[in-house]
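Asker: Which chain is which? The protein sequence lines are V and P, in order.
Basically our numbering = 1-based index in the first sequence + 103.
Basically our numbering = 1-based index in the second sequence + 34.
Hints in this document: simulated from the structure, not taken from any laboratory.
Keep in mind that this is a model prediction, so the values were computed, not measured.
The beta-carbon is built from N, C-alpha and C at its ideal position, and this holds for glycine as well.
One thing to keep in mind: the hints can contain errors.
Computed spacing ranges between beta-carbons, pair by pair [to be verified]:
no.: 1; chain 1: P; residue 1: S338; chain 2: V; residue 2: N106; range: 46 to 56 Å
no.: 2; chain 1: V; residue 1: M205; chain 2: P; residue 2: A50; range: 37 to 47 Å
no.: 3; chain 1: P; residue 1: F325; chain 2: V; residue 2: E273; range: 29 to 39 Å
no.: 4; chain 1: V; residue 1: H179; chain 2: P; residue 2: E101; range: 24 to 34 Å
no.: 5; chain 1: P; residue 1: S338; chain 2: V; residue 2: T108; range: 31 to 41 Å
Taking lysine to aspartate or glutamate pairs in the DMTMM-like style, the calculated list, with each CA pair at most 25 Å apart, reads [what the hints assert, rightly or not]:
no.: 6; chain 1: P; residue 1: K287; chain 2: P; residue 2: E155
no.: 7; chain 1: P; residue 1: K120; chain 2: V; residue 2: E269
no.: 8; chain 1: P; residue 1: K116; chain 2: V; residue 2: E273
no.: 9; chain 1: P; residue 1: K120; chain 2: V; residue 2: E274
no.: 10; chain 1: V; residue 1: K239; chain 2: P; residue 2: E101
no.: 11; chain 1: P; residue 1: K158; chain 2: V; residue 2: E274
no.: 12; chain 1: P; residue 1: K46; chain 2: V; residue 2: E274
no.: 13; chain 1: P; residue 1: K46; chain 2: V; residue 2: E273
no.: 14; chain 1: P; residue 1: K120; chain 2: V; residue 2: E211
no.: 15; chain 1: P; residue 1: K120; chain 2: V; residue 2: D201
no.: 16; chain 1: P; residue 1: K120; chain 2: V; residue 2: D261
no.: 17; chain 1: V; residue 1: K148; chain 2: P; residue 2: E66
no.: 18; chain 1: V; residue 1: K248; chain 2: P; residue 2: E87
no.: 19; chain 1: V; residue 1: K187; chain 2: P; residue 2: D102
no.: 20; chain 1: V; residue 1: K240; chain 2: V; residue 2: E225
no.: 21; chain 1: P; residue 1: K120; chain 2: V; residue 2: D144
no.: 22; chain 1: P; residue 1: K406; chain 2: P; residue 2: D372
no.: 23; chain 1: P; residue 1: K500; chain 2: P; residue 2: E528
no.: 24; chain 1: P; residue 1: K287; chain 2: P; residue 2: D339
no.: 25; chain 1: V; residue 1: K240; chain 2: P; residue 2: D59
no.: 26; chain 1: P; residue 1: K116; chain 2: V; residue 2: E195
no.: 27; chain 1: P; residue 1: K116; chain 2: V; residue 2: E269
no.: 28; chain 1: V; residue 1: K239; chain 2: P; residue 2: E58
no.: 29; chain 1: P; residue 1: K120; chain 2: V; residue 2: E220
no.: 30; chain 1: P; residue 1: K409; chain 2: P; residue 2: E447
no.: 31; chain 1: V; residue 1: K248; chain 2: P; residue 2: E114
no.: 32; chain 1: V; residue 1: K248; chain 2: P; residue 2: E523
no.: 33; chain 1: V; residue 1: K187; chain 2: V; residue 2: D144
no.: 34; chain 1: V; residue 1: K248; chain 2: P; residue 2: E528
no.: 35; chain 1: V; residue 1: K148; chain 2: P; residue 2: D516
no.: 36; chain 1: V; residue 1: K239; chain 2: P; residue 2: D372
no.: 37; chain 1: P; residue 1: K120; chain 2: V; residue 2: E162
Not close to chain P: a few residues of chain V, all C-beta gaps over 10 Å, as computed [as the list claims (entries may be wrong)]:
no.: 38; residue: K159
no.: 39; residue: L165
no.: 40; residue: L183
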Amino acid sequence: MANETVARRYAVAVFQLADEAHAVDAVGADLHVLRGAIYEDQTSKGFFLSPVIDRKEKERVLSSVFSGKLHDIALHTLLLLVRKRREALLGEIVRQYDALQMQARGEEPLSITSARELSTAELGSMVERLERLYGKKFSVTQTVKPNLIGGVRIMMGDRRIDGSVEGRLEELTRTLFART
Amino acid sequence: MINADEIAGILKQQIASFKTGIQEDQVGTVIEVGANLARVYGLQGVRASELVEFPNGMQGVALNLEEDNVGVVIMGDDQEIKEGDKVRRTGRIASVPVGEALLGRVVDPLGNPVDGKGAVETRKYRTIENVAPSVVQRQGVKQPLFTGIRAIDALIPIGKGQRELIIGDRSTGKTAIAIDTIINQKGKNVFCIYVAIGQKNSTVAALAQILEQKGAMEYTTIVSCGPADAAALRWIAPFAGAAMGEELMYAGKDVLIIYDDLTKHAQSYREMSLLLRRPPGREAYPGDVFFLHSRLLERAAKLSDDLGGGSMTALPIIETQAGDFSAYIPTNVISITDGQIYLTPELFFQGIRPAINVGLSVSRVGGSAQTKAMKSVAGPLKLELAQYRDLAAFAKLASDLDKATQNQLLRGEKLTELLKQPQYQPMNNEDQVAILYGATKGFVNDIETSRLQNWARGFVAFLHEKHPGVPEAIAQSSQLTDDTKKNLEAALTEFNKSF
Numbered sequence: 104m105a106n107e108t109v110a111r112r113y114a115v116a117v118f119q120l121a122d123e124a125h126a127v128d129a130v131g132a133d134l135h136v137l138r139g140a141i142y143e144d145q146t147s148k149g150f151f152l153s154p155v156i157d158r159k160e161k162e163r164v165l166s167s168v169f170s171g172k173l174h175d176i177a178l179h180t181l182l183l184l185v186r187k188r189r190e191a192l193l194g195e196i197v198r199q200y201d202a203l204q205m206q207a208r209g210e211e212p213l214s215i216t217s218a219r220e221l222s223t224a225e226l227g228s229m230v231e232r233l234e235r236l237y238g239k240k241f242s243v244t245q246t247v248k249p250n251l252i253g254g255v256r257i258m259m260g261d262r263r264i265d266g267s268v269e270g271r272l273e274e275l276t277r278t279l280f281a282r283t
Numbered sequence: 035m036i037n038a039d040e041i042a043g044i045l046k047q048q049i050a051s052f053k054t055g056i057q058e059d060q061v062g063t064v065i066e067v068g069a070n071l072a073r074v075y076g077l078q079g080v081r082a083s084e085l086v087e088f089p090n091g092m093q094g095v096a097l098n099l100e101e102d103n104v105g106v107v108i109m110g111d112d113q114e115i116k117e118g119d120k121v122r123r124t125g126r127i128a129s130v131p132v133g134e135a136l137l138g139r140v141v142d143p144l145g146n147p148v149d150g151k152g153a154v155e156t157r158k159y160r161t162i163e164n165v166a167p168s169v170v171q172r173q174g175v176k177q178p179l180f181t182g183i184r185a186i187d188a189l190i191p192i193g194k195g196q197r198e199l200i201i202g203d204r205s206t207g208k209t210a211i212a213i214d215t216i217i218n219q220k221g222k223n224v225f226c227i228y229v230a231i232g233q234k235n236s237t238v239a240a241l242a243q244i245l246e247q248k249g250a251m252e253y254t255t256i257v258s259c260g261p262a263d264a265a266a267l268r269w270i271a272p273f274a275g276a277a278m279g280e281e282l283m284y285a286g287k288d289v290l291i292i293y294d295d296l297t298k299h300a301q302s303y304r305e306m307s308l309l310l311r312r313p314p315g316r317e318a319y320p321g322d323v324f325f326l327h328s329r330l331l332e333r334a335a336k337l338s339d340d341l342g343g344g345s346m347t348a349l350p351i352i353e354t355q356a357g358d359f360s361a362y363i364p365t366n367v368i369s370i371t372d373g374q375i376y377l378t379p380e381l382f383f384q385g386i387r388p389a390i391n392v393g394l395s396v397s398r399v400g401g402s403a404q405t406k407a408m409k410s411v412a413g414p415l416k417l418e419l420a421q422y423r424d425l426a427a428f429a430k431l432a433s434d435l436d437k438a439t440q441n442q443l444l445r446g447e448k449l450t451e452l453l454k455q456p457q458y459q460p461m462n463n464e465d466q467v468a469i470l471y472g473a474t475k476g477f478v479n480d481i482e483t484s485r486l487q488n489w490a491r492g493f494v495a496f497l498h499e500k501h502p503g504v505p506e507a508i509a510q511s512s513q514l515t516d517d518t519k520k521n522l523e524a525a526l527t528e529f530n531k532s533f
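Can you make the complete structure from the sequences, with help from the hints?
Answerer: Rendered as structure tokens:
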């Protein structure tokens, strides 16, 4: 999407600034706080996204609410978005910023979906084996989806490693309905 | 018919041999879907034109590979695809079932039967996009492909492996020429593929019925996709048809393929391209619309003898708007093909049907494929018609004309009359030669123009009944020897006495 590309330009700029100021984590945390604060409440979200409200008014309100409480880079990003009429990009910018942060740490996203909650030991050994196998460091997110019936499904970027019962059933369906 | 026990047996076998274990593949996520297109995030390694699969088994083709997403055209209904669905790479490109099992069938562009006659019994598949035969794999066009239409076979001959465009306004008889040509291939060992692109389903059904009645369906495959189908299907239809034809061509057979019509094909491609946000060019067509058609038509070929000598003759059809041949798509396809048959509404409404404008129609390579017999009658015919056209334009202004000019005009009128031919009545090459020989040698000079159609029909019947040796001799030697000429002239004189 076009938005994604624009958001990435902003995210890269913010990230570089934060990196120069040695405040990558602080700015990242502040951006999350901002997103949380603005998107959680319908009124504030409406106020933030509305194109009807005057930009100067928005800037005044936002700087009075957040100034002093956030890192300057995060606050200025927010105000710049308002001035440029790019308010809607905030969520995507935060996502892209997280990705850049992860990349800077030399980690890759890894999502593990399992049929039941995995114990810390199970998860640890699995991640450790994957890290050894691929020679990478992973930032792990875990979700539970009973639909899998059994086994786990691992997503590493584009690559899907499917060891779940649901996946095997899908594969069986494909085999049985295959044309050749 | 396979029974339930057998099915269960096969399933049991497949389930038993089913590979268990971990399966790894590349997936992306749908971020936007609509208008039969999906934007997919991820799928980093996907290749251009690769087939991808949606969760409900629906297939798509990855067309736009962008920085962070992939534009996929969905081959079918997009209703069941949702945002967030996982899209899987298949590592294959689209292919269709091919082989002789498809003859007599009506299929969609993916090769699924739509004629209610059950499954297509073939195990062979062929990718829809293939590289056209190279220079060394080809030979020149040298065998004639008879259309059975006098005006075409005599004046604009088509050879096997040629690409001859049929161009004209709506309802000027473009499809009629194509259908007559299919009907005329009966017993000539030529397989036909008719690709209907965006044609009304009712039209295609009527057409299939006519081919069935004429006994032409047994050597014909119809690839059909209607106006209600996805643009992607209309886009791949001619390529699928070409793949089916190629299979037969590489098996050493002769194939005739009709693309009806490439105007709608270009429009479907334009629709897809614009929705994929590719930059529009002239008439809003994308920049590669010329390549789209040139690579399709380049697949028509006459293969070298080493490769079996098979051929694929292509008759693309283009519909013009109000006779505008200089629009983008018509000029493109005119420059790609080896000649064109121009049909004009003026001739059509004057009652000259097929409404071929013989002055503007050409066949760039067909001459070398024409039989000697036909060449010997076509030469004088062309000359007389050209002179007639010049005079006719002039005679509109002049009041009294001398005797010689009047005669010339009259003969031109008679020849034009003899080039008229009713639909669904293709004629053998030898009969065409006999009639045109009579016409150019002055045997019709004393017959009223209005009775000429009857004369032609009557003479053919008479010739086969009383002098069967003459058409046989023409068909066998494919030339007019002095002997044959003498016999033919005798027959003409005899028939004219009784007519």
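Asker: Now, for every hint given, state plainly whether the structure supports it.
Answerer: Consistency of the hints with the structure:
1. S338(P) <-> N106(V): 46 to 56 Å: 55 Å, holds
2. M205(V) <-> A50(P): 37 to 47 Å: 44 Å, holds
3. F325(P) <-> E273(V): 29 to 39 Å: 38 Å, holds
4. H179(V) <-> E101(P): 24 to 34 Å: 27 Å, holds
5. S338(P) <-> T108(V): 31 to 41 Å: Distance hint for S338(P), T108(V) is violated at roughly 51 Å.
6. K287(P) <-> E155(P): 20 Å, holds
7. K120(P) <-> E269(V): Holds, at about 14 Å.
8. K116(P) <-> E273(V): Distance ~18 Å between K116(P) and E273(V) Cα, so the pair holds.
9. K120(P) <-> E274(V): 14 Å, holds
10. K239(V) <-> E101(P): Measuring from Cα to Cα gives roughly 24 Å; hence the hint holds.
11. K158(P) <-> E274(V): 23 Å, holds
12. K46(P) <-> E274(V): Holds, at about 15 Å.
13. K46(P) <-> E273(V): 17 Å, holds
14. K120(P) <-> E211(V): 20 Å, holds
15. K120(P) <-> D201(V): Within the cut-off at roughly 23 Å; holds.
16. K120(P) <-> D261(V): Status holds; Cα separation ~10 Å.
17. K148(V) <-> E66(P): 24 Å, holds
18. K248(V) <-> E87(P): 22 Å, holds
19. K187(V) <-> D102(P): Holds: K187(V) and D102(P) sit about 24 Å apart, inside 25 Å.
20. K240(V) <-> E225(V): Holds. K240(V) to E225(V) sits at ~17 Å (cutoff 25 Å).
21. K120(P) <-> D144(V): The given pair, whose Cα atoms are some 31 Å apart, is violated under the 25 Å limit.
22. K406(P) <-> D372(P): 21 Å, holds
23. K500(P) <-> E528(P): Cα-Cα ~10 Å, so holds.
24. K287(P) <-> D339(P): 12 Å, holds
25. K240(V) <-> D59(P): Given pair K240(V), D59(P) holds - Cα atoms ~21 Å apart, limit 25 Å.
26. K116(P) <-> E195(V): 20 Å, holds
27. K116(P) <-> E269(V): 19 Å, holds
28. K239(V) <-> E58(P): 18 Å, holds
29. K120(P) <-> E220(V): Status holds; Cα separation ~23 Å.
30. K409(P) <-> E447(P): Holds, because 21 Å separates the two Cα atoms, which is no more than 25 Å.
31. K248(V) <-> E114(P): 22 Å, holds
32. K248(V) <-> E523(P): 90 Å, violated
33. K187(V) <-> D144(V): 23 Å, holds
34. K248(V) <-> E528(P): 92 Å, violated
35. K148(V) <-> D516(P): The hint is violated at about 97 Å.
36. K239(V) <-> D372(P): Status violated; Cα separation ~59 Å.
37. K120(P) <-> E162(V): Outside the cut-off at roughly 40 Å; violated.
38. K159: Non-interface label stands for K159(V): nearest chain P Cβ at 34 Å, farther than 10 Å.
39. L165: 29 Å, holds
40. L183: With a cut-off of 10 Å, L183(V) remains clear of chain P, as the shortest Cβ separation is near 23 Å.
When the structure is compared with the earlier hints, violations turn up for hints 5, 21, 32, 34, 35, 36 and 37 and for no others.
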